[in-house]
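Quick mapping for you: the protein sequence lines, in order, are chains A and B.
Each residue of the first sequence is one higher than the last, beginning at 1 in the numbering used here.
Each residue of the second sequence is one higher than the last, beginning at 1001 in the numbering used here.
For the record, the hints were derived by calculation from the structure and aren't laboratory data.
Since the structure is predicted, the reported quantities are computational estimates derived from the model, not experimental observations.
Heads up, the beta-carbon is just placed ideally off N, CA and C, and yes, glycines get one too.
Possibly wrong hints are sitting among the right ones.
Simulated DEER-style distance windows between Cβ atoms [unchecked claim]:
id	chain 1	residue 1	chain 2	residue 2	range
1	A	R132	B	L1261	30 to 38 angstroms
2	B	L1105	A	R116	35 to 43 angstroms
3	B	R1199	A	S138	31 to 39 angstroms
4	A	S138	B	A1006	28 to 36 angstroms
5	A	A135	B	W1268	33 to 41 angstroms
6	A	L16	B	D1130	26 to 34 angstroms
7	A	R116	B	A1162	29 to 37 angstroms
8	A	H88	B	P1085	38 to 46 angstroms
Facing chain B, according to a computed beta carbon distance under 8 angstroms, are these residues of chain A, among others [what the hints assert, rightly or not]:
id	residue
9	S50
10	Y69
11	A72
12	H73
13	R77
14	A81
15	R82
16	H88
17	E91
18	V101
19	G102
20	A106
21	R149
22	N153
Not the full set, but computed from the structure, chain A residues with beta-carbon under 7 angstroms of chain B [unchecked claim]:
id	residue
23	I52
24	Y84
25	N92
26	L93
27	I104
28	F105
29	L235
30	G236
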Amino acid sequence: MTKLSTTDLLCRFSGLVAVNKVSFAMDEGEILGIIGPNGAGKTTFINLVSGIIMPTAGRIEYKGRDITYLPAHERARMGIARTYQLIHPLENLSLVENVMVGAIFAQGQGLKTARRTAEELCEELGLSDVDRDTARLSILETKKMEIARALANDPEVLFLDEVMAGLNADETHDLIATIRRIAVERRLAVGVVEHVMGVIRELTHRVIVLEAGELIAEGPYDEVSRNPRVIEAYLGGAA
Amino acid sequence: MNRNIARAVAAVVAAVAVALPAFAGAYPLQVARNVMMYMALAITWDMLLRSGQISFGIAGLFGLGAYAAILGVVRGGMPVWLSIPFAAVVAAAAAFLLGFLILRLRAMYFSIVTLALAEMFRIVIHNLHDFTGGPEGIVMPAGVIFGGNAAALYWLTLAGLAVALAASWWFEKSRIRFALTAIGNNEISASSSGVNIFRWLLVAFTVTSGIQGLLGGIYVQSYGFATPDGVFSADFTLLPLAMALLGGMHGTVGPVLGAVLLGLVSEWLKLKIPYGHLIVYGIIIIIVILFMPAGILGLARKMSRGAEGGKS
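Please work from the sequences and hints to get the whole structure.
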């Protein structure tokens, strides 16, 4: 079943076309890789579907409903969640309180229920000592907190923007396993932006490739990685 | 354990505050009223600051409340007791409506507009001579509330402070804390967690402005008259701000601490060097911003953390 789709999605920043007529669809239970060289428009694309910026033209649908111009907080309530590349833990809030925010505002839970939800999420992600100050988290724990914060929305669609950046091989492995488990258990549609191709190969069912804002290829990673157009995009036009 | 001690201290302080008129004379009660008034304003300023929004408009809403209260009685024939909650309603309503315009602004732009609003209120009241009494001000025909009884006036201000404290406590214990903290940290990630940023800013701005208006109403009925330059005085913006900065921001305790210290110091300085206390305020603000941006509380926390680190 299609959870989220876009039709001819276009985003122009004054002269620059950051996302150029991208049409795609994401199904329930699917882990989709979103790849492309630097500046290809991957993060802009996530910003568009999560409502952080509004498109110039095109259409975004979530579970058959037009959400193209819906504000971000309403999309969060409907079940779209995301993480950020640069993670800013909320100062003056403990680990568990950071996670509570989504449960309170996206799910509308009371403080007590939200705390229980957040504690369960922390446990699910292997985060212990939940009353800790967020300044005392390791990098891996910070990434897990960011994922827990997104999951606190109780999403059906989740976008992960470079969550693996800065992790070593063991930690990357740990997080891949965690994400896969969560996606299966919650029947999530997951969109993953990642630069490490090993992660994309291991984690995703399918990838879309963006270059200069355009969708240039789509399919399973092994197939896409042999696509001449994709190789050219990554290595530069050897004409 | 720690929490029980804090509760016990708070209970003792509250008991002493309520009973103060039994053993203090007119002058100490007057000083206490001043300190409590500024303390309450400092708390409301801090409450909005928890969302990252710095208001320079305290005096505007305070003055608006003051005039609402006095005009409600003089022009509207309202009973004096009713004029005080009426002041709160007028200030809250003004903030609610203006919020739709100015809560789209951030950082310096928001601050400057709040400052301009305060000035606009003053100028309008200054010029509506027939209705407001103009620059000469307006006098309550019946005089000061409670016939000027020092103890009653003290309790009235204490009640105003209690409202500010209760609201601040509510902001800290409810979902509002999560909303404002998330907004103050990063609005984009807050909205991704479902926080309706405008709505919560509007709640915070309306509530804090309402309390500032309430305090203006209490102030004006405690003196029995209002002038534009008096109730819109920049003191009502700058002193609370200095107190919250000195004590420590983002909580109830900091502004309370700052108000007690700065309030008493300035009272003493007023006797030594008239108007000199304002210079001291300026110096304190500069020193605090340069050397202890988290205020006394922040410094204390840092030191206790340092001591902890030394042990382990």
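Comparing the hints with the structure gives:
{"no.": "1", "hint": "A/R132 x B/L1261: 30 to 38 angstroms", "in the structure": "33 angstroms, holds"}
{"no.": "2", "hint": "B/L1105 x A/R116: 35 to 43 angstroms", "in the structure": "38 angstroms, holds"}
{"no.": "3", "hint": "B/R1199 x A/S138: 31 to 39 angstroms", "in the structure": "35 angstroms, holds"}
{"no.": "4", "hint": "A/S138 x B/A1006: 28 to 36 angstroms", "in the structure": "32 angstroms, holds"}
{"no.": "5", "hint": "A/A135 x B/W1268: 33 to 41 angstroms", "in the structure": "40 angstroms, holds"}
{"no.": "6", "hint": "A/L16 x B/D1130: 26 to 34 angstroms", "in the structure": "59 angstroms, violated"}
{"no.": "7", "hint": "A/R116 x B/A1162: 29 to 37 angstroms", "in the structure": "33 angstroms, holds"}
{"no.": "8", "hint": "A/H88 x B/P1085: 38 to 46 angstroms", "in the structure": "41 angstroms, holds"}
{"no.": "9", "hint": "S50", "in the structure": "6 angstroms, holds"}
{"no.": "10", "hint": "Y69", "in the structure": "14 angstroms, violated"}
{"no.": "11", "hint": "A72", "in the structure": "4 angstroms, holds"}
{"no.": "12", "hint": "H73", "in the structure": "5 angstroms, holds"}
{"no.": "13", "hint": "R77", "in the structure": "5 angstroms, holds"}
{"no.": "14", "hint": "A81", "in the structure": "7 angstroms, holds"}
{"no.": "15", "hint": "R82", "in the structure": "6 angstroms, holds"}
{"no.": "16", "hint": "H88", "in the structure": "5 angstroms, holds"}
{"no.": "17", "hint": "E91", "in the structure": "6 angstroms, holds"}
{"no.": "18", "hint": "V101", "in the structure": "4 angstroms, holds"}
{"no.": "19", "hint": "G102", "in the structure": "4 angstroms, holds"}
{"no.": "20", "hint": "A106", "in the structure": "3 angstroms, holds"}
{"no.": "21", "hint": "R149", "in the structure": "7 angstroms, holds"}
{"no.": "22", "hint": "N153", "in the structure": "6 angstroms, holds"}
{"no.": "23", "hint": "I52", "in the structure": "6 angstroms, holds"}
{"no.": "24", "hint": "Y84", "in the structure": "6 angstroms, holds"}
{"no.": "25", "hint": "N92", "in the structure": "6 angstroms, holds"}
{"no.": "26", "hint": "L93", "in the structure": "6 angstroms, holds"}
{"no.": "27", "hint": "I104", "in the structure": "5 angstroms, holds"}
{"no.": "28", "hint": "F105", "in the structure": "4 angstroms, holds"}
{"no.": "29", "hint": "L235", "in the structure": "34 angstroms, violated"}
{"no.": "30", "hint": "G236", "in the structure": "33 angstroms, violated"}
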